[in-house]
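Protein sequences, first through last, are from chains U and X. Going by this note's numbering, 90 is the number at position 90 of the first sequence; the sequence numbering is gapless. Going by this note's numbering, 209 is the number at position 209 of the second sequence; the sequence numbering is gapless.
None of these hints come from the bench; they were simulated from the model. We put the CB at the ideal spot given by N, CA and C, even for glycine. Any given hint could be a false lead.
Heads up, simulated SDA-like pairs for lysine to any residue below, C-alpha to C-alpha not over 20 angstroms straight-line [said to hold, decoys possible]:
| hint | chain 1 | residue 1 | chain 2 | residue 2 |
| --- | --- | --- | --- | --- |
| 1 | X | Lys26 | X | Gly239 |
| 2 | X | Lys525 | X | His508 |
| 3 | U | Lys70 | X | His183 |
| 4 | U | Lys70 | X | Ile179 |
| 5 | U | Lys38 | X | Leu244 |
| 6 | X | Lys493 | X | Ala6 |
| 7 | U | Lys70 | X | Ile473 |
| 8 | X | Lys493 | X | Thr504 |
| 9 | U | Lys63 | U | Thr30 |
| 10 | U | Lys70 | U | Val55 |
| 11 | U | Lys38 | X | Gly239 |
| 12 | U | Lys70 | U | Ala49 |
| 13 | U | Lys38 | X | Gly240 |
| 14 | U | Lys70 | X | Ile176 |
| 15 | X | Lys11 | X | Ser497 |
| 16 | U | Lys63 | U | Val29 |
| 17 | X | Lys491 | X | Met537 |
| 18 | U | Lys38 | U | Leu22 |
| 19 | X | Lys525 | X | Ile48 |
| 20 | X | Lys15 | X | Glu106 |
| 21 | U | Lys70 | U | Leu86 |
| 22 | U | Lys70 | X | Leu244 |
| 23 | X | Lys494 | X | Pro514 |
| 24 | X | Lys491 | X | Phe479 |
| 25 | X | Lys11 | X | Ser21 |
| 26 | X | Lys520 | X | Pro510 |
| 27 | U | Lys70 | X | Ile210 |
| 28 | X | Lys284 | X | Ile524 |
| 29 | U | Lys63 | U | Ala49 |
| 30 | X | Lys194 | X | Phe479 |
| 31 | U | Lys70 | X | Phe295 |
| 32 | U | Lys38 | X | Leu374 |
| 33 | U | Lys70 | U | Leu41 |
Label pairs and their in silico Cβ distance ranges [stated by the list, open to error]:
| hint | chain 1 | residue 1 | chain 2 | residue 2 | range |
| --- | --- | --- | --- | --- | --- |
| 34 | U | Ile85 | X | Phe323 | 16 to 24 angstroms |
| 35 | U | Tyr93 | X | Ser228 | 32 to 40 angstroms |
| 36 | U | Ile15 | X | Ser7 | 52 to 60 angstroms |
| 37 | U | Glu66 | X | Leu534 | 33 to 41 angstroms |
Below are the chains, spelled out letter by letter.
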Amino acid sequence: MSGKNNHTIGYGTYIIVWIALLAFTSITVTVAGISLGKYTLVIALTIAAIKSALVINIFMHIKFDEPIFKVFLGLSGATLLVIFILTFFDFLYR
Amino acid sequence: MAESSASFYTKSTNKYSGILSWLLTKDHKRIGLMYMMAIISFFVVGIIIGLLMRLELISPGRTIMDAQTYNTLFTLHGVIMIFLFIIPGLPAIFGNFFLPIQIGAEDVAFPRLNLLSWYVYIIGAVLVLVSLFLPGGPIDTGWTFYIPYSVRSTTNVSMALFAAFVLGFSSILTGINFITTVHRMRAPGMGFFKMPLFVWATYATAWIQILATPVIAITIILVIIERSFGVGIFDPALGGDPILFQHMFWIYSHPAVYIMILPAMGVVSEIIPTFARRTIFGYKAIAMSSLAIAFVGYLVWAHHMFSSGMSDTARWIFSLLTFIVALPSGVKIFNWVATMYKGSIDPQPPFLWVMNFIFLFSIGGLTGLVLGSLATDVHLTDTYFVVAHFHYVMFGGTGTIFFAALHYWFPKMFGKMYNIRFSQIAVALYFIGFNMLYFPKFIMGYMGMPRRYYDYLPQFTTLQRISTVGSWILAGTIFFIFGYFIHALRKGKKATSNPWGGVTLEWHIPSPPPLENFVKLPEIKDDPYDFSQLKEMKDE
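Given these sequences and hints, build the entire structure.
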């Protein structure tokens with residue numbers, strides 16, 4: 001297993017990703033302060049999804065790992081998505 | 001077979017002896033037994049609390065305790081039985097002990113993590129106990145911790161919640177261990193579709209454990225933050241949304257129902273072929289239905305919330321989805337019955353326990369449809385009908401199978417045989433006591449008796465008394481069962497390596513199992529329930 005994923009990522013990439021995460025956090029906080037109605041939530045969730053994709057792929061090395069881990073993560077992500085959608089059937093129609 | 005090989009009792013994985021050889025063990029079998037000791041102890045505490053509650057209800061008005069004491073007792077009964085007994089019961093005890101053996105492995109993938117899960121479980125349990133005695137008093141919110149009361153109650157809610165948080169980690173760690181074990185540790189030739197169905201069920205359960213448990217962990221932390229710092233997350237008085245709490249609570253707690261029942265279904269799929277002497281009918285359908293239940297179980301949580309004030313759209317969608325979850329469960333029941341059809345049935349105690357299960361669980365399942373229907377649910381919400389339903393599902397289902405598994409695997413785990421006659425009597429008494437205790441609650445609930453009340457109108461007196469007498473019979477039977485098991489441990493006859501004529505891998509090794517499970521690495525040639533290998537096994 002270890003033979004396949006001895007991929008190393010340079011410090012430069014880590015720093016760029018880190019700065020990107022900080023930038024996205026600032027955008028989330030800024031957007032929360034502007035009154036955009038229901039779009040606030042959509043923007044916040046989209047940014048959160050991009051941030052987690054960065055963390056999962058780069059920091060957690062999933063991009064360079066075996067496909068089975070991608071399947072596992074995809075399954076977890078799909079479950080989360082389904083939970084969100086079903087909750088919104090209550091929230092949006094209440 | 002190699003009866004002379006030292007069992008895991010006489011040899012340990014570490015250099016210590018006595019109690020330390022257990023407390024520092026990495027052997028999955030010893031860890032399974034340590035779970036068994038702890039879980040049965042808490043089960044007994046839960047039973048005693050239940051008995052006290054039933055005694056209070058023997059007549060209207062105050063009998064042996066005041067209302068506040070009753071509130072704390074039903075909360076504790078729920079917390080102990082759910083978090084300390086039913087959720088870990090089958091996976092932590094029998095999963096730990098038998099999952100590695102059934103796939104031909106020497107141990108789980110992460111033995112140290114396995115021991116850590118046990119310690120985390122014990123720490124969580126100790127925190128529950130500590131919360132009872134600290135200033136503020138024991139928690140009185142009910143095991144569902146509904147907002148806003150759980151934010152406002154002055155009892156030790158935060159401590160008890162934190163205990164549930166810690167217990168969740170034990171569950172997650174066990175889940176990770178089992179998934180990795182199934183993927184990485186199978187013996188040569190043991191393909192996924194050659195795994196016993198108990199392994200399939202435990203595997204599906206492990207997925208729910210690691211996907212659902214973090215949701216309750218987050219929810220618990222949010223409630224603790226709300227209580228400690230007055231942040232408005234769930235409490236409407238602070239601008240929060242109490243229905244959001246119910247969503248988040250049930251997003252975990254409904255799949256948790258499947259954490260409880262799936263391993264039980266796996267045990268049923270082991271016991272029926274062994275005692276019907278027939279290969280299981282529809283192996284793949286049963287295996288896949290476990291995964292289907294695990295998946296669909298995620299989509300139905302809000303049927304616990306039909307009267308909470310959520311939107312009508314959500315209500316009918318969740319009602320519809322609830323009916324869909326009955327399908328994979330139906331697949332299992334059909335396949336079990338089809339396995340027995342024209343089988344050569346040997347009604348030994350484990351089989352009788354399974355029959356008990358099918359009857360009780362069917363009542364629990366069918367009354368679930370009554371509660372899954374929107375209109376009837378509104379009438380029955382928060383009544384004894386709900387209490388009866390979940391006791392038939394959880395206790396009649398998982399609890400009964402806990403005893404079935406104990407009767408099935410006891411000779412293998414301890415190398416001793418219990419008294420068959422006593423166990424036959426116990427099955428009958430359990431059935432009588434169980435139905436006396438819980439069936440009147442269906443009637444009372446339908447008549448409008450609310451749950452969690454320590455007092456009631458005089459018209460309910462007769463049914464309440466029948467229920468209380470039932471609790472004595474049921475509890476007496478359970479203590480009788482533990483009694484004959486303890487007697488068997490001390491003075492029971494030596495069990496053979498395969499007393500029931502099972503064919504899965506655990507029946508190929510001595511009783512109790514040797515330290516590293518297999519004297520020589522097993523080669524998997526046959527399907528898991530191919531009984532033609534029985535003759536070959538006898539010749540060995």
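Quiz item: Has the given pair, Lys63 (chain U) with Val29 (chain U), been kept, meaning a C-alpha gap of at most 20 angstroms?
Solution: 28 angstroms, violated
Quiz prompt | Restraint check for Lys70 (chain U) with Ile176 (chain X), where alpha carbons must lie at most 20 angstroms apart | solution = Given pair Lys70 (chain U), Ile176 (chain X) holds - Cα atoms ~16 angstroms apart, limit 20 angstroms.
Quiz item: Taking 20 angstroms as the top limit, are the C-alpha atoms of Lys70 (chain U) and Ile473 (chain X) close enough?
Solution: Roughly 52 angstroms between the alpha carbons, so the hint for Lys70 (chain U) and Ile473 (chain X) is violated.
Quiz item: Taking 20 angstroms as the top limit, are the C-alpha atoms of Lys11 (chain X) and Ser21 (chain X) close enough?
Solution: 9 angstroms, holds
Exercise. Take the C-alpha atoms of Lys15 (chain X) and Glu106 (chain X), compute the straight-line distance between them, and say whether it is at most 20 angstroms.
Key: 19 angstroms, holds
Quiz item: Are the Cα positions of Lys493 (chain X) and Ala6 (chain X) separated by 20 angstroms at most?
Solution: Cα-Cα ~19 angstroms, so holds.
Quiz item: Would the pair Lys63 (chain U) and Thr30 (chain U) pass a check requiring their Cα atoms to be no farther apart than 20 angstroms?
Solution: 30 angstroms, violated
Quiz prompt | Straight-line alpha-carbon gap Lys63 (chain U) to Ala49 (chain U), limit 20 angstroms | solution = 16 angstroms, holds
Quiz item: Keeping to a limit of 20 angstroms between CA atoms, is the pair of Lys493 (chain X) and Thr504 (chain X) held or broken?
Solution: 23 angstroms, violated
Quiz prompt | Distance restraint between Lys284 (chain X) and Ile524 (chain X), which requires alpha-carbon spacing of 20 angstroms or less | solution = The given pair, whose Cα atoms are some 18 angstroms apart, holds under the 20 angstroms limit.
Quiz item: Does the Cβ-Cβ separation between Tyr93 (chain U) and Ser228 (chain X) fall within 32 to 40 angstroms?
Solution: About 33 angstroms separates the Cβ atoms of Tyr93 (chain U) and Ser228 (chain X), which means 32 to 40 angstroms holds.
Quiz item: CA of Lys520 (chain X) to CA of Pro510 (chain X), is that 20 angstroms or under?
Solution: Within the cut-off at roughly 12 angstroms; holds.
The structure does not agree with the numbered hints 1, 7, 8, 9, 16, 17, 18, 19, 21, 22, 30, 32 and 33 stated previously, though it agrees with the rest.
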